[in-house]
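Given the structure of chain G, go ahead and fit chain W onto it with the hints provided.
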Amino acid sequence: MANKVFHVMYDDDQKLMTAAQALVSKGIRVKDVFSPFPVHGLDPVIGVKRTRLAIASFMYATTGTLLAIIGTWYFMIHDWPMNIGGKPSFSWVENAPAFVPVIFEFSVFCGAHGMVITYLLRNGLLPGMPASNPDPRTTDDKFVMEIVTDQNSSMSASELEALIKTTEVYELSIKEY
Amino acid sequence: MQKEASIRQPLILGHKTYHDITNDIVSPIEGAAPRQWKIAITIAAIIALYGVGCIAYLVGTGIGAWGLNKTVGWAWDITNFVWWVGIGHAGTLISAVLLLFRQRWRMAINRSAEAMTIFAVMMAAVFPVFHMGRVWMAYWTLPLPNQFGSLWPNFNSALMWDVFAISTYFSVSLVFWYIGLIPDFATIRDRMVKPGMKKFYSILSFGWSGRAKNWTRFEEVSLVLAGIATPLVFSVHSIVSMDFATSVVPGWHTTIFPPYFVSGAIFSGFAMVLTLLLIMRKTMKLEAYIHVKHVEYMNIVIIVTGSIVGVAYLTELFISWYSGVEYEAYAFINRFSGPYSWSYWMMMTCNVISPQLFWFKKIRTNLAATFVLSIVVNIGMWFERFVIIVTSIHRDYTPGAWGEFHPSGIDVGMFIGTIGIFFTLFLLFARYFPVLALNELKTILKMSGESYKKEAEKH
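Line by line, the protein sequences give chains G and W. Residue numbering for the first sequence follows this note's numbering, beginning at 1 and increasing consecutively. Residue numbering for the second sequence follows this note's numbering, beginning at 1001 and increasing consecutively.
Note that these hints are calculated values from the structure, not bench results. Every value quoted in this text rests on a predicted model; they were computed, and no experiment measured them. Mixed in with the good hints, there may be bad ones.
Below are the DSS-like pairs computed for lysine-lysine, each with C-alpha atoms no more than 30 Å apart in a straight line [what the hints assert, rightly or not]:
#1 Lys1282(W) / Lys15(G)
#2 Lys1038(W) / Lys1282(W)
#3 Lys49(G) / Lys15(G)
#4 Lys1198(W) / Lys31(G)
#5 Lys1016(W) / Lys26(G)
#6 Lys1362(W) / Lys1038(W)
#7 Lys1198(W) / Lys175(G)
Just so you have them, the derived chain W footprint on chain G, three or more residues with Cβ under 8 Å [to be verified]:
#8 48–57
#9 158–167
Beta-carbon label-pair distances, calculated as ranges [as the list claims (entries may be wrong)]:
#10 Thr1017(W) / Asn3(G): 34 to 42 Å
#11 Ser89(G) / Tyr1397(W): 26 to 34 Å
#12 Ile1308(W) / Val100(G): 20 to 28 Å
All residues carry an ideal CB built from backbone N, CA and C; glycine is no exception.
Only chain G is shown next, with the shape it has when bound in the complex (with noise of 0.2 Å):
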């Protein structure tokens, strides 16, 4: 038997609210779900993690400093320790307020740039890449919900279509795959 991909359309995310804990409760898995906005409160029902991105985040940052710390210590303090005003140049230590903006300023610059990257490729987003959405009116006012039955073993594909029907559908599109 081949394999069904329903590409279940809602007009409001109220109704696709209900409809994906009404298809949840009854053991059918939500592959995933296209909207034009974030729908709050989703994630949980149909079994999506949190992200990690803000740990992440925080890892790159931690980089960052770390790094302005020893440049810093190599530029002003081992390699070329300058005499500035009769400022301190023998220790690292004795200096570092100095060198506290442009440590803060490269932990921010790592801690978002890393993050802000490892967003695009974990997305999959890059400039030229092509759009998976399966309707052009899930960016503008439609919510659709992807359910597949290689994942709903335990229903044949009409009694699949026949819960589904039970929900406030839109629009219904099978396909095969």
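Okay, now just chain W, sitting in the frame of chain G:
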């Protein structure tokens, strides 16, 4: 879904659906360019080209083409730099700080304010970069390994901190802006019919599909970027102020500078946002999204920051007397009574007195009055920087070195030119980019849309 108190005024007026929001914002991009836009961009581009010509002349001749002299070594260039950086503070403040405070009215203005930020910071960068003289050696400010021996930039210097602060601020603001633009570009891509335009927006949208996981990540990235951009906003203008505060020039050597500059920056930034948005809402018919309430909120920010700036001016005056340092006292007496006193009083009137008019509800909810006052504030903030920079250094310690500054044609041309470049870029943005964060607006439609709020009251 979150509910909003019914006494709060709706942020989106009229009966709008999700599709209407898309239509309202995207249809100006699809249609032919309006006549007014063509006229405006032609004027802006001519001024911009004149500015580019002045810059080319400056590079060819050397910075002697400016009106600088031995005593006044910093004048219009750094005034313009600080003015533009200050204007560039509103965008990230609106999108970052107001996001953290969950101010939903920011959604109508953040996109264009961020665009304004980016263009303003670009214009700011023009001045210190060309002040270097041999501009092709600008990369010497970076700690790059080099063939001159162990030659490194001086990390003790506030000017060096500024290089890091401005470049971090610019690049982080740019990325923050673009992350928000990606889903909106996808909306435009999916609506476009002309293949060329479709291709253009398809490249810009990076293949955004709007999956649930994409949106989770999107919201997390926005929140974390807002969290780290907030201290960044405050640090950048603090560091700009340290360019002055770490020196030993009377009038500059003040510990009050960082908070004073930051509030001044927010003050001028909001004024510029108002100037631009009041024109944009009218010409692009965005009255339903940017209405009197938004303007009133921004005017309240202007009262607060304008008052902080006013207090800072008076504190400076008091401290110059209280310090007992005669040079310090003289610097301030000279400010309000010396040869540049006209610019001091101009600054005082525009920045301290005029924003106080916003205490009257009639004035702060009047769009024409707001527009006039926003321009007055912009002028006042330019004079603030001029007063701080030129009046402090035109009287040296020895009277033999006293001097005055007269701007040359190149000074004026470069300043006017950057305004031209700024408006050219902003007009291009308004024509080809989604001017409101349309997909973010959809998230507040049911909460703050007028018709939805009325519906909710019935229950």
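Against the structure, the hints:
no. : hint                               : verdict
1   : Lys1282(W) / Lys15(G)              : violated, 35 Å
2   : Lys1038(W) / Lys1282(W)            : holds, 16 Å
3   : Lys49(G) / Lys15(G)                : holds, 22 Å
4   : Lys1198(W) / Lys31(G)              : holds, 28 Å
5   : Lys1016(W) / Lys26(G)              : violated, 35 Å
6   : Lys1362(W) / Lys1038(W)            : violated, 35 Å
7   : Lys1198(W) / Lys175(G)             : holds, 26 Å
8   : 48–57                              : holds (count 6)
9   : 158–167                            : violated (count 0)
10  : Thr1017(W) / Asn3(G): 34 to 42 Å   : holds, 35 Å
11  : Ser89(G) / Tyr1397(W): 26 to 34 Å  : holds, 28 Å
12  : Ile1308(W) / Val100(G): 20 to 28 Å : holds, 24 Å
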